[in-house]
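A.B. asks: This is what each chain is made of:
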Amino acid sequence: MVPVVRAGAVAGLGALALLAGEATAYKLGLIAIVFIGAIGLHILVNWSGELSLAHAGFIGLPAFVVAQLSLHAHLSPILALPLGVVAGVLLGLVVALAALRARGLQVALVTLAVGIAISRFFFVRSWVIGPPAGLHIAPPSLFGLRLETSRSLLPVLMAVVVLAVLASRSILESKLGRALSLVRSNPDAAAAVGIPVAFYRGAVYAMAGAFAGLAGASYVLWVQRISPKAFPLDLGFTYLVIAVLAGKGALTGVALAAVLIEGGQVFSILPRDFALYAGPVALIFNVTRYQEGFNGLLRETRHRLERKVAIMAAETGTADGERRWRGWGARGVRLPVVIAALLVAAGFVAVALAWYHAGNTDQVWIQNQEMVSGGIGGLGLIVLGCVLLLRDALLHGRAVVATSHTGVAGADGDADWLGASGPEPPAKEPAGPEPEGTPTGRGRRTVAAGSKGRGDTR
Amino acid sequence: MSTVVLNGLFVGLVYGLLAVGLVVIYRTSRIVNFAYGETGMLATFAYFDLRLGTNTSTFTRDHGVALALPTALVLGAAIGVAMELLIARPLRANPTLNGMVGTIAAGLLFITFAVHRWGIEVRPVKPLVEGAGVRLLGLTVSPSQLLIGACTAVILGGLGALYRFTSLGLRLRATALNPYAAALSGINTNATSMATWAMAGALSALSGVLIAPLVAVNVFFMTLLTLRAFAAALVGGLTSIWGGFLAGVLLGVAESVVAFKSPVAGITDAVIALGMIVLVMARPGGLVRADY
Amino acid sequence: MSARLHARVTLPLAGRRRVLSVIGGAATLALVACSVSTPRHGFTAAGRGGTGLQAGAPGAGGGAGPGSDAAGPGVGGGAGAGTVGAATAGGAGGAPGAAAGVRTGSGGSGRTGGPAAGAGASPSGGGAPAVGVTKDAITISAIAGFSGNYGAILTEIYDNGFGTWLDDVNAHGGIYGRKVVAKKVDNHDTVEGGVSACKEIQGNGSYLAVSIVGFGGADVSAADCLDRAGITTLGLNLSAFSPGWRHVFSAGDATKQTRPLASYIRNVIGDHGKIAVFHTDDPLNTAARGGLVAEMQRLGMNLVHEETVAPNQGSFVAELSRTRDSGATTVALVVNTNEVLGILRDAKTIAYQPNWTGTYWDIDENTAAARTLFEGIRALRNYSSTNSPAFATYASKAKATGHGNVVNSTNMALYGIGLLTGQVLQNAGPNPTADGLPGAIEKVVNYNNQVTMALSFGPGVRVADVGMWPIQCCNPDNTWQGIGDAKTAF
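Residue numbers (the numbering used here), protein chains in the order written: chain R, 1 to 458; chain X, 1 to 292; chain Y, 1 to 490.
Bear in mind the hints are in silico, worked out from the structure with no lab data behind them.
Keep in mind that the hints are not guaranteed to be accurate.
[Said to hold, decoys possible] Partner residues are not named here, just some residues of chain X that face chain R (Cβ under 7 Å, in silico):
#, residue
1, PRO90
2, LEU91
3, ALA93
4, VAL101
5, LEU108
6, LEU109
7, LEU234
8, GLY266
9, ILE272
10, MET281
11, LEU287
12, VAL288
[To be verified] So the derived label-pair ranges between C-beta atoms look like this:
#, chain 1, residue 1, chain 2, residue 2, range
13, X, LYS261, Y, PRO243, 34 to 44 Å
14, R, ALA191, X, VAL278, 19 to 29 Å
15, X, ARG283, R, ALA191, 20 to 30 Å
16, X, LEU224, Y, ASN431, 52 to 62 Å
17, Y, VAL445, R, PHE274, 25 to 35 Å
18, X, GLY285, R, LEU90, 47 to 57 Å
19, X, VAL264, Y, THR488, 29 to 39 Å
Backbone N, C-alpha and C fix where the C-beta goes; we use that ideal spot for every residue, glycine too.
Let's have the full structure, built from the sequences with the hints guiding it.
C.D. replies: Next comes the structure, spelled out in structure tokens:
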């Protein structure tokens, strides 16, 4: 349920982004870039309990590397993204050297010194930062299509964000992630178990550098202009605020914090003073008292929701509680179905809007971009929505079992949207263990039942 | 050349003085106070407001050093105590990294307030002591620099005496060495901790007032200097007062000499960073160990 | 029961088919939609007037759509397709089931609504009324870092200085009967903020973009983005100028601002001996230093020593010692305010007193705070001083328009920028067009409004020649005193 909601929310936001105007799409991209950079610091701060004050430099130096390569080697910024990652990793490894023997505190001070050194040494060298006018990169092109506007570049950036999220999730859910958790909470126990603590602590700095490098390269891709003033030292503090406010856990908290802080700044929603005061105050509060950050808030909310559902299910009996949890209305309309339908509709709207805009200009390049952002992006949304619908149908569609369930209310009314009928009451089921209330459980049960009956339609 | 070395000596005194304050806090609370410079900056700006040295002052007449200086010191101490209560005390169990983040946040808060109140322009300020200065080795040593030298000597001597000869000093040393044992033997660690932070805050305020006539004063003036002080304090392992001070002085001299000989922009910062990496790899505990 | 069973068993099969057909149908429709919006005929770019992104009546104006072979002469022009109806006919050919509201491929500039005159204009769009110009109003966008570190000051001087000009000109009937509407656009004083400002302007319907100031590289990134979008931009005090730009006009370029300093040193300060130059290592001052040094070499002046200082550097004793050792008698300070105070103070410390001069840091706020440091210095500035007659004029206009409580030279500088903007709009004539705007700016030749710097563009000139105001410290009220007229060479 939650993964579907998450995927739906993400895709929904993507849909909204594609429908946005040029200026708004540009600002959304800036938020996405900050999110990518914050992922790296999140792993570092929240998962392994280290601190890095050099994040601005970790983002800026790879950004300059990518920009220079773009200009001089005529490499498209899209192709240069991995090079940005590599540059970031190398920077992280420099700090990792220090982390080999020292405690977190000393390493943090080293990162401060490294950040200052990058800012005062590299960002004044003209072979790094280019001419005083700054570096201007030509708009990137993909498959021969020049992506001049932010709206057309947005799907590319969203793909990069998705890649970053998938990469970080695979890191955090792997052996490395578990080891980092243990290192953070009890380094001595971790060492006793055989985890190479120093090596992992160094690797974490490299990872933070990798994501920072990706963020820097994305910045070059997105803004197409770069100057050392874009990466001052207090940018690193902003990222630190985002990471600490996110709290330990998944990336949702990071996304929330990034949207709040960078979105607030870029869209100028909140008065600037309020945002500048609120950030540090929230940080102090989080560090000294709450310590869980946005991820903690989200976890609490989810637990509360789940408790409520469990209570509902317990007090009214499984089938009804099931139904209330799964959907509402007589037909049992489920949330994933609603999300998927909305996605498909949004996809069509995006395509239609792109059509409309493309038709209102006589400039070929604008038409191309509308096609890319609205057309292809909208098509993607439609496909995603249909895939979700298909998944839902496969999970909830039922073959009916020819066993004695006459007059059982649930068997009739609880049909899914495709017309197949719902679950049977557990008492009548002779089949084996039945995990209740899970779609796969139901599927298994009815498949097992179906094998006894007329036909297995799966 | 000797001019340059002398100038570097005075610059180094500034770094050393700031490093001492950082060490004092770390010894007791095991927290690196990233807001140390900003504490002093706020107190200094309040001082100059009272003395009308700046051009956005609230007050319309010069209230004189006798009122302004103690006010600044008290303000610095008050900010230190507030930080102790709000940041250091809740984090006593797990101070290091969370404490750093907390003090970074406090520093950001102070800077935001200062920018809001005073703007970010550089302003010329009135020195504490007027006068023509002394000519020494080709350098006209201004009264402000002499004052720093004198005050540093007094402060270091006073701190040394405090730690060695007074009971407060004994309590401070005990708490620094082992807070749990100190608490067990009846020392009021809360009061000791508060006293330390208040002392450090006042020291920061005094440093700021002394340093201001010598540098370009805007709301970031202490921050930039404190960054060098961190490196110096690290050499002293963050626990040795003399180690941190001497490292600061040497850093100032080295910086001056390097700037004179080969003025490559940013070379000092790059060398400091490399030096810190090597230091932390080779001797993470610092070059100088404190003997409490 | 068996019937029901049968029904239930068959439904899932139908369900699967249903799912597949839904997917297939969606995919087909989407593909068709995409292919339809693929342009099949080349369209001429009708300049900026054709950015259909900026709404306007859909589909109006001539031209045929993609997929329609009747495209030919309809491109941008109005050959026989000046009316909405004809356009629909032409456009609908290619789009199956085109709904009434969706005019795919009714190309032409979506902006020009009904009037066939507008739609039937030549492909260059010269006759089409420009964006941001209506019968009663002409809109400009003013870009500055209103939410950056200097936000408070910039907002104040913009509202009061520029605002004085704005209110004054509108109170006197506007420009050719059109009220001037000025939209404040924030560039956040960051590189990405500058691009953000540019994207806003692309959608807010401005005729002219004026970049007032931008720290942190915001002005250059905004100008670059605006140039790429084809929007004419007047950039004041741009920290850099890229030769590849086609639509940006720079008034007060850094290299040109320091050029008069060379002859000023030789002929006004009167030093024919050894000169030294200090410059801060940031883009603006580096560019300015380049202009100064080039001019000094051209005049054959004796530049003996140069120093580079870092922004916010604390101590300058080393640099000053070396400069003193070189024997320089005049030192040109191409630095920011943050450094000048330290340099002058440290120079006193080592008892080194050459002739100081320079630009950028000679603002009245500095002399108000520390007159003794600046006493007797002669420098150049890009706006005039409080003892000039123009200041009195400005002060009276400020009072008349309700901005009388903040009257100082910095606000006057923005007033001067307003005057310049007004001159440009005036030069655009009673029927301003997008294509005519560059010409309007180029017509600003030998322009001196006695407030801001003297400027001279000219045909094909994108970076104006700059005349600077000579000033000296100080007037009795601690403001810089003007000692002559603005000149490009002294």
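A.B. asks: All hints, please: hold or fail.
C.D. replies: Each hint tested on the structure:
Annotation: PRO90/X was flagged as interfacial toward chain R, and the flag holds, the nearest CB pair being 4 Å apart, inside 7 Å. Here the hint on LEU91/X is kept, as its CB sits about 6 Å from the closest CB of chain R, short of 7 Å. A hinted interface residue such as ALA93/X counts as satisfied when its beta carbon comes closer than 7 Å to some beta carbon of chain R; here the least separation is about 11 Å, so the hint is violated. Hint status for VAL101/X relative to chain R: holds, with the closest Cβ pair at about 5 Å, below 7 Å.
The criterion of a C-beta within 7 Å of any C-beta in chain R is met by LEU108/X, whose closest approach is roughly 4 Å, and the hint holds. Interface restraint check for LEU109/X: the shortest CB-CB distance to chain R comes to about 4 Å, inside 7 Å, so the restraint holds. For the restraint placing LEU234/X at the interface with chain R, the shortest Cβ-Cβ distance is roughly 5 Å, inside the 7 Å limit, so the hint holds. Hint status for GLY266/X: holds, given a least beta-carbon distance of 4 Å to chain R, under 7 Å.
The closest approach between the C-beta of ILE272/X and any C-beta of chain R is roughly 6 Å, which is under the 7 Å cut-off, so the hint is satisfied. Given the 7 Å rule on beta carbons, the hint for MET281/X holds: about 6 Å separates it from the nearest Cβ of chain R. Proximity of LEU287/X to chain R is violated relative to the hint, the smallest CB-CB distance being about 13 Å (cut-off 7 Å). Interface hint status for VAL288/X: violated, as the beta-carbon distance to the closest one in chain R is roughly 14 Å, over 7 Å.
The hinted range of 34 to 44 Å is satisfied by LYS261/X and PRO243/Y, whose Cβ atoms lie roughly 38 Å apart. Here the CB-CB span from ALA191/R to VAL278/X is close to 25 Å, well matched to the stated 19 to 29 Å. For ARG283/X and ALA191/R, the hinted distance range of 20 to 30 Å is satisfied, since their beta carbons lie about 21 Å from each other. The supplied range of 52 to 62 Å is met by LEU224/X and ASN431/Y, whose beta-carbon atoms lie about 56 Å from each other.
VAL445/Y and PHE274/R have their C-beta atoms about 48 Å apart, which leaves the hinted 25 to 35 Å range violated. Under the hint 47 to 57 Å, the C-beta atoms of GLY285/X and LEU90/R, about 28 Å apart, miss the expected range. In this structure the hint that VAL264/X and THR488/Y lie 29 to 39 Å apart at CB holds, the actual value being about 36 Å.
Of the numbered hints listed earlier, those contradicted by the structure are 3, 11, 12, 17, 18.
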